[in-house]
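Residue numbers (the numbering used here), protein chains in the order written: chain A, 1 to 242; chain B, 1 to 221; chain C, 1 to 149.
For the record, the hints were derived by calculation from the structure and aren't laboratory data.
Among the clues, some could well be false.
To be verified - Straight line, CA to CA, 25 Å or less: simulated SDA-like cross-link-like pairs of lysine to any residue:
1. K217/B / K30/C
2. K116/C / R5/C
3. K72/B / I7/C
Said to hold, decoys possible - Derived Cβ-Cβ restraints for the label pairs, each shown as a range:
4. M126/C / E152/A: 50 to 56 Å
5. I36/A / F205/B: 50 to 56 Å
6. Q153/A / M126/C: 46 to 52 Å
7. R86/A / L103/B: 53 to 59 Å
8. T53/C / S92/B: 22 to 28 Å
Backbone N, C-alpha and C fix where the C-beta goes; we use that ideal spot for every residue, glycine too.
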Amino acid sequence: MNLKKIYKYGSPPNFYRFAMKLEPWCLSLGLFLTAIGSIGGLFIAPKDYQMGDAFRIIYFHVPSAYLSMSAYAAMGIASIIGIVWRSNVAFAVAKSIAPFGALMTAVALITGMLWGKPMWGTAWVWDARLTSEFILLLLYFGYIALHATIKEQKRADRAASLLAILGIVNLPIIHYSVVWWNTLHQASTISKLDSPSIVGEMLWPLLLMIIGYMIFFIGVICRGGSAEVLMREKRSNWVKEV
Amino acid sequence: MNIYFQLFSREIRVAFKRWTDALTGFILFFLIAILFPLISDSNKEFLLTIVGPIMMFSAFFASMLSMQNMFKPDFQNGTIEQLMLSKGSFVSLILTKTIAYWLFTSLPLILISGLTASIYFVSASGILIIQLTLLLSTLTMVHINAFTAAITLGIRYPGALMTLIITPITLPILIFGSKTIENSILGADISGPLYFLTGMMMLSFFLGPWITASALKISMD
Amino acid sequence: MSSGRIIWNKISINDIDSTFQNEVAYLGHKNGLIGEISAIDNLRMNPNISDLTQLDELISGFDLDSCMQNPVETLSSGQAKKVALICLISSGRSIWIMDEPFANLDDASKDFLALKMDLHLQRHGMIIRTSNQGDLSQLSKLEIILESG
């Protein structure tokens with residue numbers, strides 16, 4: 001049955017082998033696409049008539065924001081798999097995603113602030129997206145802190161996973177509430193922020209960057225996940241053979 | 001006698017013995033609410049603007065103070081394990097415990113909020129809305145606090161970690177709660193945020209005990 | 001030993017349908033009593049106690065009559081343990097899991113406890129206990145001796 005096959009794939013040594021094979025491809029492809037996207041975005045795409053060169057930050061801001069949320073979703077799914085199927089590999093993957101996700105969130109926030117300066121005149125504004133992103137950073141920190149504070153690994157895994165699952169349920173609520181609160185305060189900013197119609201010449205580097213980041217992310221999951229699995233199973237036989 | 005009623009009366013009895021726990025939160029709530037007008041601009045318009053956020057924030061903070069003691073004493077004396085072995089559903093027992101805890105720690109806040117809100121020049125009807133908002137919000141927050149206390153059980157100095165965990169989850173409640181109060185003072189429609197608060201409260205009653213029970217089981221191993 | 005399964009009534013105890021937990025009364029290192037309230041209140045308000053008829057007999061059997069009104073935190077560890085034992089015995093459960101039940105008890109209480117344990121076994125109950133002292137009742141059926149090192 002297919003389920004049995006997936007179960008077998010989910011065992012630590014198999015995951016390790018699979019991840020180690022996949023990783024270099026993802027990392028290099030991701031870097032490659034990101035490099036092309038960056039060049040395209042920084043140099044080739046034309047200047048925005050409203051913002052000039054400053055808008056180019058979008059090429060780093062959007063992918064990292066997008067990735068910060070996908071990473072949390074991935075972390076949540078891995079946590080669910082870990083708890084429901086008691087999979088150590090899933091827990092290891094979830095744990096390794098967290099720092100990267102937090103980093104992406106921080107990058108999104110910082111690039112957002114850098115973008116904000118020319119756009120709104122101030123670095124920070126309590127607009128819906130920045131606020132939600134900041135809260136996302138707190139959610140990541142909570143997860144990482146829980147893992148760091150609880151000494152026994154199995155307990156830390158399950159506790160942090162529970163937190164991640166709660167976070168996933170909460171993310172839409174948090175986002176909705178912040179957006180709602182924001183529409184009452186700063187309708188004007190949102191219409192400025194939205195870039196609904198973006199010209200093709202500006203679009204392709206953006207798409208490339210997003211895809212590049214995603215693929216790189218998969219590579220990071222492979223690397224981080226396999227490192228984590230290795231650490232956890234260090235006493236078992238198959239690790240000694242590696 | 002019904003198991004849940006037995007547990008409930010025991011919790012109330014014990015809460016009376018541990019009255020200093022509830023007192024800390026109560027005093028903090030009261031103090032924050034009183035100090036603000038004293039140390040800031042005390043003109044009516046300003047105070048009416050900030051009473052919403054202040055009420056919500058002080059309720060939040062007060063509940064955070066006492067939440068460490070929700071499960072810790074029972075963890076130390078082995079009562080939680082006994083509850084797990086009980087013939088009743090563990091989840092429902094946790095719900096019972098949570099409600100008893102709420103009665104003892106949050107209800108006094110709601111009652112005194114009438115007094116503190118009047119310092120901010122809030123009208124009588126406004127006070128009722130504030131109390132209603134606090135009622136809904138604290139009923140929701142108590143479940144979040146229970147979960148946070150449960151999941152950090154056994155950690156030696158969990159204070160900062162608890163704050164980190166609890167803030168993002170509680171934020172929507174704080175936002176909508178303060179908006180409800182603000183709207184009522186301005187005379188605007190409060191049904192929107194109020195419905196949201198009610199929805200959150202009901203959701204937390206369904207999910208809260210279950211997720212707290214799961215957290216307790218994880219912490220107990 | 002960290003692998004294997006435990007099966008009760010043909011269902012593994014980790015299964016969600018298991019009724020195992022409803023059959024267990026447990027007394028471990030922590031005594032499961034609330035320190036701030038009196039011993040008698042602990043017994044009366046304990047959600048797990050189903051059999052209140054034996055209470056008086058058990059209280060006098062363990063020689064606790066004089067201290068039942070006192071808060072549990074003021075009792076000596078031996079007395080508190082005896083109250084916890086009363087909780088366990090009155091729980092009406094068929095499986096007793098006890099960690100060093102005879103430790104900290106005076107001789108009279110030890111005898112009384114052994115008597116109660118024998119009664120339980122005669123009524124087709126089961127007891128799983130650890131002991132450091134090698135005092136085993138005549139009715140024990142299975143001994144597992146673990147040595148450290």
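Hints, verified against the model:
Our distance criterion of 25 Å between C-alpha atoms is met by K217/B and K30/C, whose separation comes to about 17 Å. Restraint check: the Cα-Cα separation between K116/C and R5/C comes to about 30 Å, which exceeds 25 Å; the hinted pair is violated. For the suggested pair K72/B and I7/C, the alpha carbons sit about 32 Å apart, so the restraint of at most 25 Å is broken. For the hinted restraint 50 to 56 Å between M126/C and E152/A, the CB-CB distance of approximately 30 Å leaves it violated.
The beta-carbon spacing between I36/A and F205/B, approximately 52 Å, falls within the hinted interval of 50 to 56 Å. Taken as a hint, the range 46 to 52 Å is violated for the pair Q153/A and M126/C, whose Cβ atoms sit roughly 34 Å apart. For R86/A and L103/B, the hinted distance range of 53 to 59 Å is not satisfied, since their beta carbons lie about 38 Å from each other. A hinted range of 22 to 28 Å holds for the C-beta pair T53/C and S92/B, which are about 27 Å apart.
Of the numbered hints listed earlier, those contradicted by the structure are 2, 3, 4, 6, 7.
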